[in-house]
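Got chain Y sorted already, so can you dock chain G onto it with the hints?
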Amino acid sequence: MELTFGTLCGGGLLLVGLFLLYAILTGSRSLRNYVITRLLLVVPMIWILLTLVFVMMRILPGDPISTRLKPGTDQATLDRLRERAGLNRPIYEQYWDYITDIAQGDLGVSNNVEQDRPVTDIIGRRFPATIELVMPSILLMLIFGIISGALSANRHKSTMDYSFRISSVVAYAIPIFWLGLMLQIVFARELNLLPVAQRINPQYANEFEHRTNIYVIDTLLAGNLEAFGDVLKHLVLPTVTLTIALVGVFIRLTRSNMIEILQEDYVTASRARGVPERKVVYFHALRNSFIPIMTLIGLQVAVLLAGAVLTETTFSWDGLGKLLRDGIALRDYPVVQGAVVVFAITVGVMSTLTDILYAFIDPRIRF
Amino acid sequence: MSLFQVVPDHSQVNKQEIILSIRDLSVEYQTRRGVLSAIDTLSLDLYKGEVLGLVGESGSGKSTLGKAIMRMIPSPGRITKGQLIFKNQDLMAYDENQMRDVRGKQISMIFQDPMTSLNPVQRIDNHIIEAIRVHEPNISKDEALSRSESLMERLGIGRRRLKEYPHQLSGGMRQRVMIGLALALKANIIIADEATTSLDVIVEAQFLDLLRELKDEFGLTILLVTHNIGIVAELADRVAVMYAGRLAEVANVDELFHNPKHPYTQGLLRSVPNIAMDSQDLYRMDGTPPNLVMPPSGCRFHPRCPHVMDICHQKQPWLVRVDEIGEGDEQVGGYDKHLASCWLHQEYQGATQARRY
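Going down the list, the protein sequences come from chains Y and G.
All residue numbers for the first sequence refer to this note's numbering, where the first residue is 1 and numbers rise by one.
All residue numbers for the second sequence refer to this note's numbering, where the first residue is 1001 and numbers rise by one.
No lab work stands behind these hints: they were computed from the structure.
Taking beta-carbon pairs under 8 Å as the criterion, some of the chain Y residues facing chain G (in silico):
id: 1; residue: E264
id: 2; residue: D265
id: 3; residue: Y266
id: 4; residue: R273
id: 5; residue: V275
id: 6; residue: P276
id: 7; residue: R287
id: 8; residue: N288
id: 9; residue: I361
id: 10; residue: P363
id: 11; residue: R364
Nothing here was measured: the structure is a model prediction, and the numbers come from that model.
Heads up, the beta-carbon is just placed ideally off N, CA and C, and yes, glycines get one too.
In isolation and in its complexed conformation, chain G is listed as follows:
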């Protein structure tokens, strides 16, 4: 697994402070064929200052999770249960007005396609002014603009560029504008939803460098939603792997890449192409992601799993610790813990006593 250069920088991470805690979150979509369970009882903690990579196939629910945190699940979907504890408050209890205060100001989102994420008939500066004045209506337009000017300058968007329309900027520039909009109000958490997917590799590399710098400078916590394992290796401190609406594995980035515990993660890592290998070496996982209207019983991965056992058909495995438990280390969960939901590893603590995280 030396194909990934993992250079995580833990210096900024506060391993004690959980900034956002997702508890037992479920999201369902009402479809014509039945109820689609996009996210099923998912729990995940986001620590202050970390970059958490959220990876998975298309349709695994990773983007849905990002939207669910903002409580922006489009109809006919809805959050059916769970809590979103942010700064000791449950966002699920907020009304729409309170939620609007959170969006953009506390939690920001960067979207997949910078080409379509800016209003084509509004100038860049109007976007910024609006973003600021929505949350601080007493500020004048000039004030809002001058306040963001240094930030935009820092992002390489000069004063002259602010007067232009989105279509006059390149893709990379637009994505930097999106970051600027996300940072304009000094949000604590940035959800980057496939933010680099539509950029070419050079621009993508620049974008990642920029994100890394900004992260340290602004003390951001970033949820990096992506299907690109390489980006996770480069930028993330920790990784959460999603499969069919559930978490398969959560670990810090070294641990996950060098010692994956869940068969799905193992397959995922083996199926990343590398320039040094023969085309035959590339692993292809059998089967397709499940239909979430009628998900497989028990472990949702069992139809594709090379290690499938009887119990996998019957019972859903919990997310449990799979790393060595050290002295005086009874505390469950936590930043450095390696978690996986697989029957192969439930015996670690004895299946009956398995603790849920």
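Here chain Y stands alone, though its shape is the one from the complex:
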């Protein structure tokens, strides 16, 4: 089987599916019911979102045709183009077609962003870009956020604790696009160390086959190390920006949870049994404080996969977030609706997954 983004996604969904199946088969009856209900709920959730987006896009002034053409174009041309795009039909007919098409896996054809290209095609190229940006950011955020949160809690009220606390608030308060711009100015323009924006230097862009559209994987598959290095260089600034924007909340959440858990009787009790301090803090306490942290991770991953709009726009990163932004700006109905479908599925799958992982981490949770 050829490795493409489609097969990657399929593989990922298959893994999730197998995990859910495992939970359904081995779990208690109530867990089984819970999983099935949750999965079934994704369908109405998508429907509600789609309807909302459909209505809101049409409430916005202007439509795909008027945004595409120059002001002053004559009415006859406008009407002709609207008719061709089916925009002159009654709204309920448009809605019905829209819903039935989506139910059949047809997301329609882009009006303006990439004219006449199938939306599935566009998403197939944009979603991998978002994944390439978001995954390393989440990983960095987890490593850095949890370690510094735990350190901060363990050395409660020390200088290190205060500096982590202050920097986490600062990181949280910085507007993401401003941070991105500053990093671009310092590291790209002044120091000339890293590329300003984009995912890859155009000179490499056609040197390898775009199989998955996750360039890190594609360049490696092609064995093109030079292009791989270039991709990594392009990844640094957006990833750092996104990590800094996310990590503040994580440090604070980990810290406050850890401080609370470190006061628990069982922590004292394990100290009294002679358990080494490091094991007490980083094994007993951290695992317990991980439970609320996991909720946030699940939500963050879902939201980010749907597009880190500001970061992607700042770095001209052709991901889902930028696609959504462009789609709205150009009143490209099918593109916006298609992006929302991806969003809904991601959020639905991630939140179900988080809830079930809960039951595995915390034995007290029963569904």
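Chain G only, in chain Y's frame:
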């Protein structure tokens, strides 16, 4: 004082061998309002095989003493002076690593609330395995588990139960698991810090029976920290009464209940409710425990004491012998001696010559 059925069993106690000797121990907490003196120059001996009941009101420092023995006083508190002589070694001179070897292996602790003293995301067997392997890292998990299986069986925790999580066990069961954890490494001393407070009376009675059996079987020395006089009467060989960070009185359990010397002990015993008495008969001690940031001068009990004298305001009474001194009995302290720190009794040996214990 017939309301207590005192059935102490001295057979196990070795009256010659002091296993733990607390010498001039002080614990202070740095608070916003000043230095809080939680324990002030306290000396107490623990004899091998005895059950020593440590009683006092909330805030008297009895739990702090238990933690201090393990050198586990939480910040901002610290032990400011004193010695903890355990097996001829001063624990105060130990570094953190040496201390970790003592905790759990030599001196174990059972905590107040079994509901919160077990890690909720760890199975019972993992607790046991960890407790054993921390001190004997070369043992395999299976070995550690099989070694503790008979003990747990003995405590009524079957093999199947070991695979469960703490929340699946009842309160009494969890407390038995805590004992199992404390005994897993055959510690010499068990500090039971209010270990029965959160149990209901039936479970408490079972727990006390179990503790008594285990004490004889394993030759344990138990420091029973409690505010429940009834439990002390039932289980302890000797009693130490604490008030405001100092010892008020130390005596064997018969002597203390039938012949209390310190006014605080007298008040304490009279304020224990009894089903046979009228509600009016219940004695209520006046006043409240003192603020230990600014403790009363002299004897810390003097503001509440019905027998207060001038000297009580000025000088702190030492803990001295208050029982009859027999022939050839010059030796100070000792297992059978009745000690109290009160100016009413300092004349026994003449205040100037009063020996400190």
